[in-house]
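Trainee: Read off the chains here:
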Amino acid sequence: MAEDQSSGQADEIKTVPYRGGSFEIRPLGIISPFVFIGLIAFWEFGSRTGFISGLVLPSPTEVFTAFRHAVCASVRFAATADHRLGLRQCARDNCRTCNRSFFCGAGRFVAIGFSHISNPENRPVTIVYYLVWHWRRIEGRNNPVILFGTFFPTVIATYGGVDNVDRNLIRMGQSFGLSWSSIVRKIIFPGALPAILSGCRISASIAIILLVAAEMIGAEFGIGAYILLAGSLFATDQLIAGVAVLSVLGLCFAWVIGRAEKYFLRWRA
Amino acid sequence: MDLRLNNISHAYEELQVLKNIDLDIRQSEIVCIVGPSGCGKSTLLRLIGGLEQPQVGEVQQIGEPPPGSLNPLTYIFQDFALLPWRTVKGNVSLALEDHDLGSKERGRVIDDVLRRTGLAEFGDALPRQLSGGMKQRVAIARALSVRPAVMLMDEPLSALDSQTRELLMGDLIDLWMNEGFTACYVTHNLAEAVRLGHRIVVLSRRPGTCR
Ligand SMILES: Nc1ncnc2c1ncn2[C@@H]1O[C@H](COP(=O)(O)OP(=O)(O)O)[C@@H](O)[C@H]1O
Ligand SMILES: [Mg+2]
Numbered sequence: 185m186a187e188d189q190s191s192g193q194a195d196e197i198k199t200v201p202y203r204g205g206s207f208e209i210r211p212l213g214i215i216s217p218f219v220f221i222g223l224i225a226f227w228e229f230g231s232r233t234g235f236i237s238g239l240v241l242p243s244p245t246e247v248f249t250a251f252r253h254a255v256c257a258s259v260r261f262a263a264t265a266d267h268r269l270g271l272r273q274c275a276r277d278n279c280r281t282c283n284r285s286f287f288c289g290a291g292r293f294v295a296i297g298f299s300h301i302s303n304p305e306n307r308p309v310t311i312v313y314y315l316v317w318h319w320r321r322i323e324g325r326n327n328p329v330i331l332f333g334t335f336f337p338t339v340i341a342t343y344g345g346v347d348n349v350d351r352n353l354i355r356m357g358q359s360f361g362l363s364w365s366s367i368v369r370k371i372i373f374p375g376a377l378p379a380i381l382s383g384c385r386i387s388a389s390i391a392i393i394l395l396v397a398a399e400m401i402g403a404e405f406g407i408g409a410y411i412l413l414a415g416s417l418f419a420t421d422q423l424i425a426g427v428a429v430l431s432v433l434g435l436c437f438a439w440v441i442g443r444a445e446k447y448f449l450r451w452r453a
Numbered sequence: 146m147d148l149r150l151n152n153i154s155h156a157y158e159e160l161q162v163l164k165n166i167d168l169d170i171r172q173s174e175i176v177c178i179v180g181p182s183g184c185g186k187s188t189l190l191r192l193i194g195g196l197e198q199p200q201v202g203e204v205q206q207i208g209e210p211p212p213g214s215l216n217p218l219t220y221i222f223q224d225f226a227l228l229p230w231r232t233v234k235g236n237v238s239l240a241l242e243d244h245d246l247g248s249k250e251r252g253r254v255i256d257d258v259l260r261r262t263g264l265a266e267f268g269d270a271l272p273r274q275l276s277g278g279m280k281q282r283v284a285i286a287r288a289l290s291v292r293p294a295v296m297l298m299d300e301p302l303s304a305l306d307s308q309t310r311e312l313l314m315g316d317l318i319d320l321w322m323n324e325g326f327t328a329c330y331v332t333h334n335l336a337e338a339v340r341l342g343h344r345i346v347v348l349s350r351r352p353g354t355c356r
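Protein chains in written order, with our numbering: chain A, 185 to 453; chain B, 146 to 356.
FYI, nobody ran anything at the bench for these hints, they're computed from the structure.
Backbone N, C-alpha and C define an ideal beta-carbon position, used for all residues, glycine too.
Errors might be hidden in some of the hints.
A few chain B positions that, by computed beta-carbon distances, are all more than 12 Å from chain A [unchecked claim]:
| # | residue |
| --- | --- |
| 1 | VAL162 |
| 2 | GLY194 |
| 3 | ASP224 |
| 4 | GLY268 |
| 5 | GLN308 |
| 6 | ARG310 |
| 7 | ASN323 |
| 8 | VAL339 |
| 9 | ARG340 |
| 10 | ILE345 |
Below, a list of computed lysine-lysine pairs in the DSSO-like style, where the Cα atoms sit at most 30 Å apart [claimed, not checked]:
| # | chain 1 | residue 1 | chain 2 | residue 2 |
| --- | --- | --- | --- | --- |
| 11 | B | LYS234 | A | LYS446 |
| 12 | B | LYS249 | B | LYS234 |
| 13 | A | LYS198 | B | LYS164 |
Construct all of the structure, not just a fragment, from the sequences and the given hints.
Mentor: As structure tokens, this is what we get:
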């Protein structure tokens, strides 16, 4: 193979640029604990500076203090219950001593909590009840409950959707030299959209359930309270009317999401 | 612009896929790479286009790409790699949107490549409304729109039935007659390679070496 160059002058030689990378699947390894710590730090910072309202979201240190007090209480409870020497002393002193027996108390706390939850009569009801009721008392509105209940299904669905985007399409994007943001906007997001929308469907149904559950427990007004009242008065006509309103609400959500799917996913058969 | 592969070797974990590959791809010539399935042809093509980096050796680009070439090394994939949510026009447009063309100029380029590939009437169709052969022609149109210096084709006809393959083969030959593009054409079909290629490189079973 002769090395002749068709053009007269010596041609520039350079290595072909690397265009792959960025979207590879790789284990996160050390990143996740750091993200977790960063998130907690941000939360603490937000609470201290006040842009996260302490009513909605108490700071991590407050939460930890509350946890310690609960542990102390359970230690005291344990000590008075079985008159053991070391623990009785702990009961007389307060938090200073508690610190020492913190870890034995923590175990006790978990055990008590667990026995409470593991009682089959208590389990599902108490968890939902305490969650919903406490949030309601704190906030007076249903927002946080519904926020938390709907946030995670959406996130998990989105994650799954992004994970499922055809790798070949991403590679195609890279081979045409598209920028990172173009690949995300034009390939990954539309590819994940079906999963995101079905996540929304799940979130919508959870939102309705939580809304009604919250109203049944703490509210004077609302569909949940209306149904509960009708049920206790054995007013079946009102009861069924309430249930019908709920169904219509659900159908409305489903219709809106159905329309969105029809519009955004019209490229599917 | 020519490409030169210098002593390329590549392995995935323990698996040695390519070993000591030397290859020149010169301007206006179609180099066919044939070899059995799994011998590392696609891997070699990914290395040539810079989608992966070879562990040993390097791929060199000799001389400047012709002026006006937006994406010198452009792929045509076996599975077409069209975005199902974009129309034919939209799919061609995708390759152009990251470049500094006005929307008018972009529209002109799109119309031009669709006409050259015989897709002028299908500009607003979605990929699912097209047959396999048409989809691959869209992919070819998309590749042409960025005026590549070298086209890297990974078994572009393998997903098609034999009749369509015949037709598209004819189209590619016509295209080469008219425009004289440079290409590296990967296939496991020797007949295709003989018909299209100026030069044929045979890759042996793993680890792939040139013959
Ligand atoms: N990303 C990868 N990771 C691990 N192994 C791979 C990867 N890509 C290809 N291989 C392996 O390399 C070998 C060659 O693959 P490929 O280049 O696709 O062959 P061909 O295109 O010639 O059929 C195969 O055995 C395949 O399993
Ligand atoms: Mg292959």
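Trainee: Tell me if the straight-line CA distance from LYS249/B to LYS234/B falls inside 30 Å.
Mentor: With Cα atoms ~13 Å apart, LYS249/B and LYS234/B stay inside 30 Å; holds.
Trainee: Taking 12 Å as the cut and beta carbons as the points, is ASN323/B off the interface with chain A?
Mentor: Given a closest Cβ separation of 21 Å, the condition holds.
Trainee: Between LYS234/B and LYS446/A, is the straight-line Cα distance small enough, at 30 Å or below?
Mentor: 22 Å, holds
Trainee: Can we confirm that no CB of chain A comes within 12 Å of the CB of GLN308/B?
Mentor: 25 Å, holds
Trainee: GLY268/B: least C-beta distance to chain A exceeds 12 Å?
Mentor: Holds, since 15 Å exceeds 12 Å.
Trainee: ILE345/B: least C-beta distance to chain A exceeds 12 Å?
Mentor: Consistent with the label, ILE345/B stays out of reach of chain A, its closest Cβ about 15 Å off (over 12 Å).
Trainee: Grab the minimum beta-carbon distance between VAL162/B and chain A and tell me whether it stays above 12 Å.
Mentor: Fine: 16 Å to the nearest Cβ keeps VAL162/B off the interface.
Trainee: Just want to verify: VAL339/B was marked as not at the interface with chain A; is every Cβ pair farther apart than 12 Å?
Mentor: 21 Å, holds
Trainee: Check the non-interface label on ASP224/B: least C-beta distance to chain A beyond 12 Å or not.
Mentor: 6 Å, violated
Trainee: Is ARG310/B truly not at the interface, in the sense that its beta carbon sits beyond 12 Å from all beta carbons of chain A?
Mentor: Label holds. Min Cβ-Cβ 21 Å, cutoff 12 Å.
Trainee: When you look at the beta carbon of ARG340/B, is every beta carbon of chain A farther off than 12 Å?
Mentor: 23 Å, holds
Trainee: For GLY194/B, is the shortest beta carbon distance to chain A beyond 12 Å?
Mentor: 6 Å, violated
Of the numbered hints listed earlier, those contradicted by the structure are 2, 3.
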